[in-house]
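Protein chains in written order, with the working numbering: chain A, 1 to 451; chain B, 1 to 290; chain C, 1 to 222; chain D, 1 to 133.
It is worth saying that the hints were derived from the structure and are not from the lab.
All C-beta atoms, glycine included, are put in the ideal place defined by N, C-alpha and C.
Don't take every hint at face value.
Said to hold, decoys possible - Dumping the calculated DSBU-like pairs for lysine-lysine here, alpha-carbon to alpha-carbon at most 35 Å:
id: 1; chain 1: A; residue 1: K224; chain 2: D; residue 2: K89
id: 2; chain 1: D; residue 1: K5; chain 2: C; residue 2: K168
id: 3; chain 1: D; residue 1: K83; chain 2: A; residue 2: K224
id: 4; chain 1: D; residue 1: K7; chain 2: C; residue 2: K7
id: 5; chain 1: A; residue 1: K290; chain 2: D; residue 2: K82
id: 6; chain 1: D; residue 1: K25; chain 2: C; residue 2: K154
id: 7; chain 1: C; residue 1: K187; chain 2: C; residue 2: K84
id: 8; chain 1: B; residue 1: K22; chain 2: C; residue 2: K168
id: 9; chain 1: D; residue 1: K5; chain 2: A; residue 2: K238
id: 10; chain 1: C; residue 1: K54; chain 2: B; residue 2: K62
Said to hold, decoys possible - Negatives, chain D to chain C, calculated, CB over 12 Å:
id: 11; residue: S26
id: 12; residue: E47
id: 13; residue: A54
id: 14; residue: S94
id: 15; residue: G96
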Amino acid sequence: MSTQMNSVLRLPESLTPEIQEISIAPVVAVPTDHPAGLIMADYLASMGLKVTLIHPFETVGAILETLNEEFVIDSAVEERFLALIARVEENKNISVLNNTRVSGGKGWWGDFSLLVDGEKEEALKASGIAFAYRKQAVVKKPFENDAIIGFREFSALLLKGKESITPTGKALQKLAFVLDLGKRDEKWASMTAIKLGTYLKKAFGVQVSILCRELKVSSDGMEKAYREAREAGVIIYKYLDEPQFEGGASLSINFRDTSFMSDDNPLDVSLEGLDLVVLQESFVTAEDEKALLDGLHIGLEGAYVAPNNPQFAGRTSRKGVVAAGNSRLPETLADMETTALAAAEELYQWTGNGTYGIDVQRVAEVDPSKCATCLTCYRICPHHSIRIEPYGERNVYITKGEKEGATWEAARVLVETCDGCGLCVSECPAKAIQLIYYPDMDVYGFLKENL
Amino acid sequence: MGFADHLKSGEFLRIVENQPPKGVDLEKFLGYAEAVRGRVDAILVPELQTSVMRLSSLSASKVLLDKGFEAIHHTPCGHKNRIALQSELLGAFVLGLDTVWITRGDSPNIGDNPDAKEVFDLGENELLAAAKHLQEGYDLAGNDLDGAPSFTIGASFNAGATGRDLELEVLGVEKKIRLGTDYFITSPIFDIDQFAEIMAKVQPFKVPVIATVMILKSIGMARYINKHIDGVMVPDAIISRMMKEPDKEKASIEITASLIRSLQTLCQGVCIQPIGWEAKVPHVLDACGF
Amino acid sequence: MIIAEQKPMEEILEMLAPYKKILLAGCGACVTVCQAGGEKEVGVLASQIRLARKDAGNPIEVLEMTMTRQCEPEFMEEAEDAMKEVDAVLSIACGIGVQLMAKTFFDKPALPGLNTTFLGFPEEHGVFTERCAACGNCVLHLTGGICPIARCSKSLLNGPCGGSQDGKCEISPDVECAWQLIYDRLKALGQLENLENIIPPKKWITSRDGGPRKIVREDLRI
Amino acid sequence: MGSEKPKIVAFCCEESGMPAYEHAKSLGLPLPDALKVIALPCGGKAETGYIMKALDEGADAVMIFACYEGNCKYVQGNIRAKKRVDYLKTRLESLGILPEKIAFCPVAPASGARFAEMVQEEVQALDSRENKS
Chain A
1 MSTQMNSVLR
11 LPESLTPEIQ
21 EISIAPVVAV
31 PTDHPAGLIM
41 ADYLASMGLK
51 VTLIHPFETV
61 GAILETLNEE
71 FVIDSAVEER
81 FLALIARVEE
91 NKNISVLNNT
101 RVSGGKGWWG
111 DFSLLVDGEK
121 EEALKASGIA
131 FAYRKQAVVK
141 KPFENDAIIG
151 FREFSALLLK
161 GKESITPTGK
171 ALQKLAFVLD
181 LGKRDEKWAS
191 MTAIKLGTYL
201 KKAFGVQVSI
211 LCRELKVSSD
221 GMEKAYREAR
231 EAGVIIYKYL
241 DEPQFEGGAS
251 LSINFRDTSF
261 MSDDNPLDVS
271 LEGLDLVVLQ
281 ESFVTAEDEK
291 ALLDGLHIGL
301 EGAYVAPNNP
311 QFAGRTSRKG
321 VVAAGNSRLP
331 ETLADMETTA
341 LAAAEELYQW
351 TGNGTYGIDV
361 QRVAEVDPSK
371 CATCLTCYRI
381 CPHHSIRIEP
391 YGERNVYITK
401 GEKEGATWEA
411 ARVLVETCDG
421 CGLCVSECPA
431 KAIQLIYYPD
441 MDVYGFLKEN
451 L
Chain B
1 MGFADHLKSG
11 EFLRIVENQP
21 PKGVDLEKFL
31 GYAEAVRGRV
41 DAILVPELQT
51 SVMRLSSLSA
61 SKVLLDKGFE
71 AIHHTPCGHK
81 NRIALQSELL
91 GAFVLGLDTV
101 WITRGDSPNI
111 GDNPDAKEVF
121 DLGENELLAA
131 AKHLQEGYDL
141 AGNDLDGAPS
151 FTIGASFNAG
161 ATGRDLELEV
171 LGVEKKIRLG
181 TDYFITSPIF
191 DIDQFAEIMA
201 KVQPFKVPVI
211 ATVMILKSIG
221 MARYINKHID
231 GVMVPDAIIS
241 RMMKEPDKEK
251 ASIEITASLI
261 RSLQTLCQGV
271 CIQPIGWEAK
281 VPHVLDACGF
Chain C
1 MIIAEQKPME
11 EILEMLAPYK
21 KILLAGCGAC
31 VTVCQAGGEK
41 EVGVLASQIR
51 LARKDAGNPI
61 EVLEMTMTRQ
71 CEPEFMEEAE
81 DAMKEVDAVL
91 SIACGIGVQL
101 MAKTFFDKPA
111 LPGLNTTFLG
121 FPEEHGVFTE
131 RCAACGNCVL
141 HLTGGICPIA
151 RCSKSLLNGP
161 CGGSQDGKCE
171 ISPDVECAWQ
181 LIYDRLKALG
191 QLENLENIIP
201 PKKWITSRDG
211 GPRKIVREDL
221 RI
Chain D
1 MGSEKPKIVA
11 FCCEESGMPA
21 YEHAKSLGLP
31 LPDALKVIAL
41 PCGGKAETGY
51 IMKALDEGAD
61 AVMIFACYEG
71 NCKYVQGNIR
81 AKKRVDYLKT
91 RLESLGILPE
101 KIAFCPVAPA
111 SGARFAEMVQ
121 EEVQALDSRE
131 NKS
């Protein structure tokens, strides 16, 4: 055993970097109903981009109404945001569309069109899109009880500095978090419960139980956080069937736990005398956001891309589209502001300079003579950056290295938005696609040499 | 004496084919049967021959059985799937029709309802296997039966095979015997020499072979057979003999009778196929001295 | 498009048992698109065969090739050289490809690596469904563009059979009742009166029931 | 050479598997000499052909190190890789080859320890199999 002798095939930088400058109009759209949208619009405009702010309210100021619901704000924060609104309203780089809803979108980075209020698509062109929408938090209470609340409400209580107070006025001694009641597996809730639980246990000696279906260790630092929580005395249970709640004078939860025993041999657990139960909410995506995501082939998953690199916190699966605010479920005001700025900066990097240099070697390329136009790549591409060009003259595609006049009906990769991930390469049944900078032969050659 | 006993006895068997009516008037059908009563060992009742829609072999055989005839019930594969075929075999047994003849059957597109859906779920060999299974007490899928039938099973045999086909046919005969065939009825025989050659190859299997003898009604019919029906060849000698005779009907009966007489030494029986000349069958029997 | 799926590995290995060197031939047409016999499947299957045989201590040499289309005699040329070297060819084209291989290379066994399954389309990526039975006598104009021959499990021309429940077929709750679909579509089209007419019994003679079919276009023959 | 066995090919996602491998190395954690590491831009790039080819060329096991579910930069590259591995396992089984020869291993970029642990587990599993047969 050693750590020195492994043969390693690394990702090549590029064969021979070939930078192609493409022009990108510094024009962006910010569809929003969330303060994060204002932050992004302000930042992008201040960097010199032409920004169209699209929102459904009478005035820009109305966007701030949500600030109160979501976050705890003091007068300093309020002042900061009032100044933000003033800047947005005054900035000549920002044109504001009041009372406007988004009903769809299409296109690619550098050439997006937004459908607003059912108008023609041509109505709004933009090179990039930064969006931020509210999400409606829905707490599914088993029955009406003041001591059963959602995460958002609980965070607000804590942030008000009343850590040991429950909504019922009772001193908080026994607390249970119940996760995974909704369908979607959202890691933020586990993360929040673990962090808050550890804090409450350590700082105030609150007895904390966390009930979940599955431990989510898939984020950075989660394993460590779980360990810390356990060491602090937070008890984590795993249930199979939905826990049963009982109300009355004393709030209790009954469920079958599988964390100590095996799945086949569960243990009946009853948590009694709870002062507070915090339920994981489900979040309802805004109509406008849904229409936008569907139109751009992003989908909810694509909007929440959370790559391991936290630098890109605002990225979606599409180049030229970033998200912030409630669209990504941040926890605190500071988080929200950071994400919004990071997202805006990301979009500025792509769209701000008027030109963009692309290494056309670091992309996938289709060999049209092999392409069976099966549409696999078109369906699979996370960036939606493959088009199929089947009909007529306008779609004729002359390939590299082919004689002039050689035309094929085939898929074509848009080099501008291709990120070189290779998903299309690995799925193509005709083996018609290759990553130019990292062809299959590299891998096959390495295997042959080293095995 | 039942048909099975006749087979065992080794005597030369006489079978007559009697086509069920296309309709429900049984008068002619029964008339033809009565005309040969006591002079033949069994009456073969074909099922949907050449895919022409008519009364089923099962019903017609049962009518004959009730009138005291020995009937051979025919089950071809063309128009029923394995479920119906097995059920039909069970039905034949409970009606007392325990002598059956299994063949591949004809495609509907040569019959009078050419648009019908072709079935051929099972081939002849698979149906023979099914019959074997039924007699052993379970169906083709291996499910147990509540009471097993017992049959005397016949299969077909293309006696017109020559050259490469002959090898295949002999192989097929062997296979069918393994699948429980008790007797064979051949395709129509006209060429005795050729048939003798084939019989030399299948004789060692020691399974009774019954040769079909078709009553040749006219020279036109002979020519049609030579042109359109694979595996059956009317030799020139027979055609020229017919041409010479002034009384074609008489010639026809004599030719048939002489064929039957030559076959008496070659195989274990004949099945007379009248093809519309049912009324002439007694004359053929007379001419043969049966 | 012709939809096919790969035969079980056991079956493929059994077929290949007598051979030491084979050609694995894919096809660049339908089976590429339904991801059963394209270049990728050729690569993966070849590796699988080699692995299994190596493991069994009876190694086999597998040449790989994906032909443009295995359903045209002209493209058979592509395989000529390779066929000289091998004991047999395992074709992962549809049944047409296998037969054309058998016909072209008469002295070498042509083995099928796929089960050619039906005429259909991908309902979603990775889900293929049957839509046409190639019966040779189309009735789609009478049935709202939904084929009762291919999609009704009893191929009823004047359905429904009465066995469907909640619009699902009695054979499985995953199968939609074709006659429910036909009814819905005709209703949407305002053509429900179509259902009052009785469609005459099907002419199966145009289907496989009339024997192997053949189309001769004298105007096209060269 | 004893250290030449078992040959393990690790396909590593550039976003998680590769950093985890580097991390394991920087921590000095033991990794087998015969571990061959191949970087891929995404776990989803580990195509069926690569995996089968690696086994075909003589690898004793193939491991695919990709991101945890929900963490893929390309939305579903890891999910697709996992599905592919599951499919290939069924194929291997029908070939009479142990499906454990292929493993899908989700890993976080900073989990060098987990990376090394999973490789060790695979080595041990291979060893015990070797001893059995």
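These are the hints, each one checked on the structure:
1. Between K224 of chain A and K89 of chain D the CA atoms are separated by roughly 33 Å; this keeps the pair inside 35 Å, and the hint holds.
2. This hinted pair does not check out: K5 of chain D and K168 of chain C have alpha carbons roughly 56 Å apart, beyond 35 Å.
3. Restraint check: the Cα-Cα separation between K83 of chain D and K224 of chain A comes to about 29 Å, which is no more than 35 Å; the hinted pair holds.
4. The straight-line distance between the Cα atoms of K7 of chain D and K7 of chain C is roughly 31 Å, inside the 35 Å bound, and the hint therefore holds.
5. With a CA separation close to 28 Å, the supplied pair K290 of chain A and K82 of chain D stays within the 35 Å bound.
6. Simply put, K25 of chain D and K154 of chain C have alpha-carbon atoms about 64 Å apart, too far for the 35 Å limit, and the pair is violated.
7. This hinted pair does not check out: K187 of chain C and K84 of chain C have alpha carbons roughly 60 Å apart, beyond 35 Å.
8. Distance restraint check for K22 of chain B and K168 of chain C: the Cα-Cα separation of roughly 41 Å exceeds the 35 Å cut-off, and the hinted pair is therefore not satisfied.
9. For a cut-off of 35 Å, the pair hint linking K5 of chain D to K238 of chain A is broken: about 40 Å separates their Cα positions.
10. Proposed proximity of K54 of chain C and K62 of chain B is contradicted: the alpha carbons are some 64 Å apart, above 35 Å.
11. The claim that S26 of chain D lies off the interface holds: its Cβ sits roughly 35 Å from the closest Cβ of chain C, which is beyond the 12 Å cut-off.
12. At the 12 Å boundary, the C-beta of E47 of chain D falls inside the reach of chain C, the nearest C-beta of that chain being 7 Å off.
13. Distance check on A54 of chain D: its Cβ comes as close as 9 Å (rounded) to a Cβ of chain C, failing to clear the 12 Å threshold; non-interface status is violated.
14. At roughly 4 Å from the closest C-beta of chain C, the C-beta of S94 of chain D falls inside 12 Å, breaking its exclusion from the interface.
15. Not every CB of chain C lies more than 12 Å from the CB of G96 of chain D, the least distance being 6 Å, so the non-interface label is violated.
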